[in-house]
Amino acid sequence: MQTRTPMGMNRTGTTVSPLGARAMQQIAEQAAETMSDDSLATLRGIAFDEADGVGSVPLPAGVKGVAKSAAAALKGKAPEYLIDKLGERLAFERSGARLYEALITKCEHDPECAAAVIAELHHIHDEELAHFGLLKRAMESLGADPTAQTPCADVSAVMSSGIVQVVTDPRTTLAQSLEAILVAELADNASWEMLLQLVRDAGHDDLVAGFEQALQQEQEHLAKIKPLLQQSAATQMRARKRK
Amino acid sequence: MADLDLLRDKGCPLSQQRFTGKDLSPKPISKLDDDAFTRVRVILLNGLEIDALRLKHMIARCNGPLRTKLAEVRRVEHHQATLINWLIGPDHSPIETTIGYEQVAIEVTAEVAQHEPDPYLAQAYRFGLLEDFDHLYRYSALLDRLEGKDANNILQGYTDIVPGRPTMLEHRAPEDDVRRPYERNSARAISKLHAALITAAEYQTHDYYMNIGPQFADPIARQLYAEIASIEEQHVTQYGALEDPNESLLEKWLIHEATEVYAYHSCMQAESNPRIKAIWERFLDYELGHLELVRKLFKDSERRDPAEVLGADGLVPLVFKSQRDFVRQVLAKEVDYRAIGTEFNDRGDESEATLAYRNQLNASGSPSQAVSAGYRWQPGTELNAQAVNF
Numbered sequence: 001m002q003t004r005t006p007m008g009m010n011r012t013g014t015t016v017s018p019l020g021a022r023a024m025q026q027i028a029e030q031a032a033e034t035m036s037d038d039s040l041a042t043l044r045g046i047a048f049d050e051a052d053g054v055g056s057v058p059l060p061a062g063v064k065g066v067a068k069s070a071a072a073a074l075k076g077k078a079p080e081y082l083i084d085k086l087g088e089r090l091a092f093e094r095s096g097a098r099l100y101e102a103l104i105t106k107c108e109h110d111p112e113c114a115a116a117v118i119a120e121l122h123h124i125h126d127e128e129l130a131h132f133g134l135l136k137r138a139m140e141s142l143g144a145d146p147t148a149q150t151p152c153a154d155v156s157a158v159m160s161s162g163i164v165q166v167v168t169d170p171r172t173t174l175a176q177s178l179e180a181i182l183v184a185e186l187a188d189n190a191s192w193e194m195l196l197q198l199v200r201d202a203g204h205d206d207l208v209a210g211f212e213q214a215l216q217q218e219q220e221h222l223a224k225i226k227p228l229l230q231q232s233a234a235t236q237m238r239a240r241k242r243k
Numbered sequence: 001m002a003d004l005d006l007l008r009d010k011g012c013p014l015s016q017q018r019f020t021g022k023d024l025s026p027k028p029i030s031k032l033d034d035d036a037f038t039r040v041r042v043i044l045l046n047g048l049e050i051d052a053l054r055l056k057h058m059i060a061r062c063n064g065p066l067r068t069k070l071a072e073v074r075r076v077e078h079h080q081a082t083l084i085n086w087l088i089g090p091d092h093s094p095i096e097t098t099i100g101y102e103q104v105a106i107e108v109t110a111e112v113a114q115h116e117p118d119p120y121l122a123q124a125y126r127f128g129l130l131e132d133f134d135h136l137y138r139y140s141a142l143l144d145r146l147e148g149k150d151a152n153n154i155l156q157g158y159t160d161i162v163p164g165r166p167t168m169l170e171h172r173a174p175e176d177d178v179r180r181p182y183e184r185n186s187a188r189a190i191s192k193l194h195a196a197l198i199t200a201a202e203y204q205t206h207d208y209y210m211n212i213g214p215q216f217a218d219p220i221a222r223q224l225y226a227e228i229a230s231i232e233e234q235h236v237t238q239y240g241a242l243e244d245p246n247e248s249l250l251e252k253w254l255i256h257e258a259t260e261v262y263a264y265h266s267c268m269q270a271e272s273n274p275r276i277k278a279i280w281e282r283f284l285d286y287e288l289g290h291l292e293l294v295r296k297l298f299k300d301s302e303r304r305d306p307a308e309v310l311g312a313d314g315l316v317p318l319v320f321k322s323q324r325d326f327v328r329q330v331l332a333k334e335v336d337y338r339a340i341g342t343e344f345n346d347r348g349d350e351s352e353a354t355l356a357y358r359n360q361l362n363a364s365g366s367p368s369q370a371v372s373a374g375y376r377w378q379p380g381t382e383l384n385a386q387a388v389n390f
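Those protein sequences? They're chains A and B, same order as listed.
For the first sequence, the positions run 1 to 243 when this note's numbering is used.
For the second sequence, the positions run 1 to 390 when this note's numbering is used.
Where hints are given, some of them may not hold.
Unchecked claim - Computed Cβ-Cβ distance ranges for the label pairs, DEER-style:
#1 B:M210 <-> A:K226: 37 to 47 Å
#2 A:A31 <-> B:H115: 52 to 62 Å
#3 B:M58 <-> A:S36: 30 to 40 Å
As the list claims (entries may be wrong) - For the chain B half of the interface with chain A, some residues (derived, Cβ under 7 Å), not all of them:
#4 D23
#5 S30
#6 L32
#7 D91
#8 P94
#9 E147
#10 N153
#11 A217
#12 P219
#13 L383
What the hints contain is simulated information worked out from the structure, not anything from laboratory work.
The beta-carbon is built from N, C-alpha and C at its ideal position, and this holds for glycine as well.
Take these sequences, add in the hints, and give me the full structure.
Listed below in structure tokens is the structure:
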């Protein structure tokens, strides 16, 4: 596994083929301008106007008539929004656990990654799993189905698909993977803050303490990942100076 | 299918089959709210249209006089395929779409296997079914372990996720995948339609895996897609071999158009989404137009009656439903079946060529075994049970 990014024969820039680039620029300037009544924005706008949503939030069990108490457990002005966001967080934490599994494997194969770092990542992984369990129980307490994919969970998975690609790619360095993880942790922090507020506003006091603890742990994750990334970047810089 | 006559019905004339650019990019179905069988039908019909293009391009390479007519029909079918394939929403991750493809392979092949009148052909479908059934299990493990997602979000409780004939044991020497064809003069029309339909579906699956496999960064995902794409190539070999090689090219075109009519008619009857049902209805009308055209070409060029090829069978529409009970029965009885040459056996016997080929391919390990080691499907992913401990 490559631990550092070397200087080499990168061919993507125009300075690699200045004659070709100049010839291309000349012909592009001379080419007829494309005329259209529509623009990218107008076509997109039409599609935005016409589109259906991604999908719906599944009905809680109580609403379906399975458990009478569940419907009463749903409070607030838009309970479907809360269920949607709980489903999103749940899916994110579950995928996050898989993300850390891949990162741990990468660290184990990086000779420069200390055992203490790997232990720290295991700890974060376990807390992601614990948060998944917490959210599962929270959804069940509201009569919601934690196995369903809610619209926000679906969209969130599309968003984080790039993170999975970066971390699982054997060619990416640990630093590049940590940068992807940082994106995930930043989003996770902000999302837990909003979810906590949502739960408070809806009057689900029984959920608040657990969610506060989860937020605190997510803040700790961020506080751990940032220095790891900085440390990894510093290692690369030192290696460069030695050369 | 009393209201559909493959030998006489006329549909929309080819000259009136038109599309706008916007038709080609319709609003997608909902991954979350539409019934899984709507997605099954979308995938099936896209596969059939892509195969229609494939067959017609092949015929055009071999036949000069038919080239223009082939190009005209192909243009419409290309646009049908585009419209249909664009119905799959972009929120499907490639593995989620894969789960949908395997659901098609299982549920549709099981339906075909139960209504295939030729016992040998039915056996071939059951044989392949158990292999695609195993692929679903392996891909479900990958979806869980790579993306942290539950394959049942796609399957919606219709299709079981357990091992079938293990993928690592599906690798066979090419000669052990070439099946015995039906005989064109004695085979029932439905047998010809079944073979065209399932070959098309498997071809599409093969091509999808070949395209999507290298887009994964994860090494085991890349390896798994490479491994299963190899089996799908075997399946295309198996199912393609079921067709009589003595059929003329025009005869094959006629059968393919009849298959498309049959499939659209079945899908239209079963469709629960009204917007999609209207699409199946429109395209059934288009396909009847294609069939009418080819019936005429067949009569004019070959001086033969299309009834010789399509017979007078009463066709029962395909039913789209969970085939759980049937699949479980086949799994229990036939998982250890193997094939030597064109013949299946229940003793587990295999040829020296297959054993040598398999040993060679599996010499560096089996991605399908590695990805699913210890995997057992649970609602909400296998992490569900682990989370209890934290």
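Verification of the supplied hints:
1. Under the hint 37 to 47 Å, the C-beta atoms of B:M210 and A:K226, about 41 Å apart, fit the expected range.
2. A C-beta distance of roughly 58 Å is found between A:A31 and B:H115, which places it inside the suggested range of 52 to 62 Å.
3. Distance hint for B:M58 and A:S36: a CB-CB separation of about 38 Å, consistent with the stated range 30 to 40 Å.
4. This hint is violated: B:D23 has a C-beta 13 Å from the nearest C-beta of chain A, more than the 7 Å allowed.
5. For B:S30, the interface hint holds, the least distance from its beta-carbon to any beta-carbon of chain A being 5 Å, beneath 7 Å.
6. The criterion of a C-beta within 7 Å of any C-beta in chain A is met by B:L32, whose closest approach is roughly 3 Å, and the hint holds.
7. Taking 7 Å as the C-beta cut-off, the interface hint given for B:D91 holds, the closest approach to chain A being about 5 Å.
8. Nearest Cβ of chain A to the Cβ of B:P94: about 9 Å, over the 7 Å cut. The hint is violated.
9. Checking B:E147 against chain A by beta carbon gives a least distance of about 6 Å; that is within 7 Å, so the hint holds.
10. A hinted interface residue such as B:N153 counts as satisfied when its beta carbon comes closer than 7 Å to some beta carbon of chain A; here the least separation is about 4 Å, so the hint holds.
11. The interface hint given for B:A217 is met, as the beta carbon of that residue sits about 4 Å from the closest beta carbon of chain A, less than 7 Å.
12. With 7 Å as the threshold, the beta carbon of B:P219 comes within range of chain A, its nearest partner Cβ sitting at about 5 Å, so the hint holds.
13. Given the 7 Å rule on beta carbons, the hint for B:L383 holds: about 6 Å separates it from the nearest Cβ of chain A.
Hints 4 and 8, counting from the list given before, are not met by this structure.
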